[in-house]
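So the protein lines, in turn, are chains A and B. For the first sequence, the working numbering begins at 49 and goes up steadily by one. For the second sequence, the working numbering begins at -12 and goes up steadily by one.
Be careful, since some hints might not be right.
[As the list claims (entries may be wrong)] Here are the simulated lysine to aspartate or glutamate pairs, EDC-like style, with alpha carbons at most 20 Å apart: (1) A:147 with B:78; (2) A:147 with B:18; (3) A:147 with B:1; (4) A:147 with B:-2; (5) A:268 with A:237; (6) B:136 with B:163.
No lab work stands behind these hints, which were simulated from the structure alone.
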Amino acid sequence: MDGTGFLQREHFGELIRILAGRGYRVIGPQLRDGAIVYDDLSEVAQLPSGVIMDVQPARVHATVTQLPRYFSWANGPQALKPLLFRPVETLWQACRDDKGRLEFSAADEQEARPLAVIGVRACDLAALELQDRHFLQGEYSDPHYARRREGLLLVAVNCTHPDATCFCASTGDGPQARTGFDLVLDELDTGFIIGAGSKRGTALMEDLSLLPVREDQLAKAAVSHQAAREAQTRALPPGDLYDALAARREHPHWQAVAERCLSCGNCTSVCPTCFCSHEREQPRLDGSGSVHLREWDSCFSEGHSYITGLVIRAEPRHRYRQWLTHKLGAWHRQYGRSGCVGCGRCIAWCPVGIDLCEETAAVLGGGHD
Amino acid sequence: MTERGIPMQVEVVERVQESPTVFTLQLRLIEEAQRDAYRFDPGQFNMLYLYGVGEVPISIDGDPDRPELLQHTIREVGRVSGGLARLQPGDRLGLRGPFGRGWPMERLDGRDVLIVTGGLGCAPVLPVIARLMRQRERYRRVAILQGVKHSDDLIWRERYDEWARLPDTQVLLAADVAGPQWHGAVGLVTTLFERLDIDLANSTTMMCGPEPMMVAASRELLQRGAGEDDIWLSMERNMQCAVGHCGHCQYGEKFICRDGPVFPYREIAALFGQRGV
Ligand SMILES: Cc1cc2nc3c(=O)[nH]c(=O)nc-3n(C[C@H](O)[C@H](O)[C@H](O)COP(=O)(O)OP(=O)(O)OC[C@H]3O[C@@H](n4cnc5c(N)ncnc54)[C@H](O)[C@@H]3O)c2cc1C
Ligand code: SF4
Ligand code: SF4
Ligand code: FES
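If we strip away everything but chain A, and leave its shape as in the complex, we get (with noise of 0.2 Å):
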């Protein structure tokens, strides 16, 4: 990443500013109810300056400081997930004329302009790339995904402030992005020390106000590197937990876990990674045609392993079961490493606080076969 610059705190709109003037919509970050959350950013006093966001277990809490920073918080209930794997989304529509004759056709809602996103983590980087593997790298690729993707510009910025559930370090996803992004930001209090991942990142800071980077502000950077690593206090055993989850199937935690959790799926919303869905029918209401909708789903609901008669994950244990052997095991061999990119969220918005690291331990712990 050669060609940085300084971005004063002051000239920051200019980047939303020539992404628009590009095309762009641009997404960002912005404090609503107390949380951080994406959507479509105009100017920068949409951005949440000097949020300082306390997450636990089952607790999200935000403070809004003097600081002159609006990335100092980690991340919000929403990853890059939402905007490119629709929560809803139409796959095709089917008409059929007064002979019975069918026609289908696919969903084509043309974007009307690409995205770009500001204020992307190194946990949603690495998200992504995991649901790019998914999406399109397989026997079939989603056109819909496929369609959003290509035009996406990223513009990451590296954690200063990560919450108390993160654990990105030890997943090796984080805190700071390495790659998948077009630009890269540091922030400090006076702006922000850029740099480009991508051609398009290069053309775009050729637009930019940039000040040459000091050497006592990359000095700054790198301190605040170290200090969002080793803020982390949770993590995961690193590597393939197959073999050892697969050894504990009948581990008497899974059922522990199960008393406490709901089965709400909240977990597999805010995971960046999650990838479930069903398909529904909606017949359109003037009788013109009928729409095959596409909508999340997760492995903690019933209808998830329903066959005629039968739910395969009859009890919540197994439904727990499914979810962390899956993301922490099964993920290795369908894609090549771990489905938790350590963002943590799953954590902090399960309303009662079941946390993937201690669970985990508590699995592995036991010895149990």
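Go by the hints and put chain B with the ligands onto chain A.
Chain B with the ligands alone, transformed into the frame defined by chain A:
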């Protein structure tokens, strides 16, 4: 890599009521180009789409050497299958497919072949039997075993009789509960194994039916000398997409829609029969 597609239009050519709840639809792709291009392997499945209701996975049970006629035998159990049951010749529906890995046809040459099915599991093996019977000389002894809950549930009795008349072909039927006209055995399909006249150590088994039946039958065949690579099982899980994306058909690290539905025993041995996976 192929892009996930939208359904093709098919027409019902023929409809046969096989039993009070089971029916067979013969379908034909409307577009000539699609019809010419369509090929399937025994054991693969299609997603059948009923207008305004939804889409379900159904095995293809026609003759793989006549792929222009797509045959599906379906049990009426719910919304989509119930709607499919009401279709009549001339009616249109949607079809995506074929999907998945089918039966190991290339591994059967010169071997004994055992087919063990339960309930409607008899459908996905029809394309296999069609091949076996057409090229009978390529294979050694063949045994076809079918188990049903009640003897009245048995469909295709004439076909079983017809196969039984072929040389070196054994047909054995079992019903858990037998009515007055029943000539087969009474009990589970596994009770038929004693009477098998094939060499299990040099055989390939293809099995399709309710999972508990397949678990019990595989274990017994293994005990009787069949190899873990020589028992092939057609697995069933909820399926939404058939293209490896929706996650519903996951079985450990496998996606049944893509890696299966047919698996050799060895590939799934660690999970097979485990509750809640
Ligand atoms: C690979 C494969 C091959 C199959 N082949 C046949 C066949 O040849 N003949 C036949 O009658 N049935 C077959 N089935 C089962 C058939 O798909 C289900 O009976 C059917 O989906 C039930 O749908 P429904 O809407 O009528 O029932 P409902 O009970 O109303 O089901 C609701 C929904 O759940 C899902 N679902 C329910 N049961 C199953 C199931 N067993 N498998 C997958 N999804 C399910 C479907 O999305 C379905 O629409 C096969 C299943 C699989 C996975
Ligand atoms: S499992 Fe939890 S911590 Fe890991 S990527 Fe998913 S939401 Fe983040
Ligand atoms: S099976 Fe569960 S853990 Fe795996 S992707 Fe689906 S929802 Fe996520
Ligand atoms: S049916 Fe969707 S992944 Fe297999």
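Comparing the hints with the structure gives:
1. A:147 with B:78: Roughly 9 Å between the alpha carbons, so the hint for residue 147 of chain A and residue 78 of chain B holds.
2. A:147 with B:18: holds (17 Å)
3. A:147 with B:1: holds (18 Å)
4. A:147 with B:-2: Roughly 12 Å separates the two Cα atoms, so the pair holds.
5. A:268 with A:237: Within the cut-off at roughly 10 Å; holds.
6. B:136 with B:163: Distance of about 5 Å is within 20 Å: holds.
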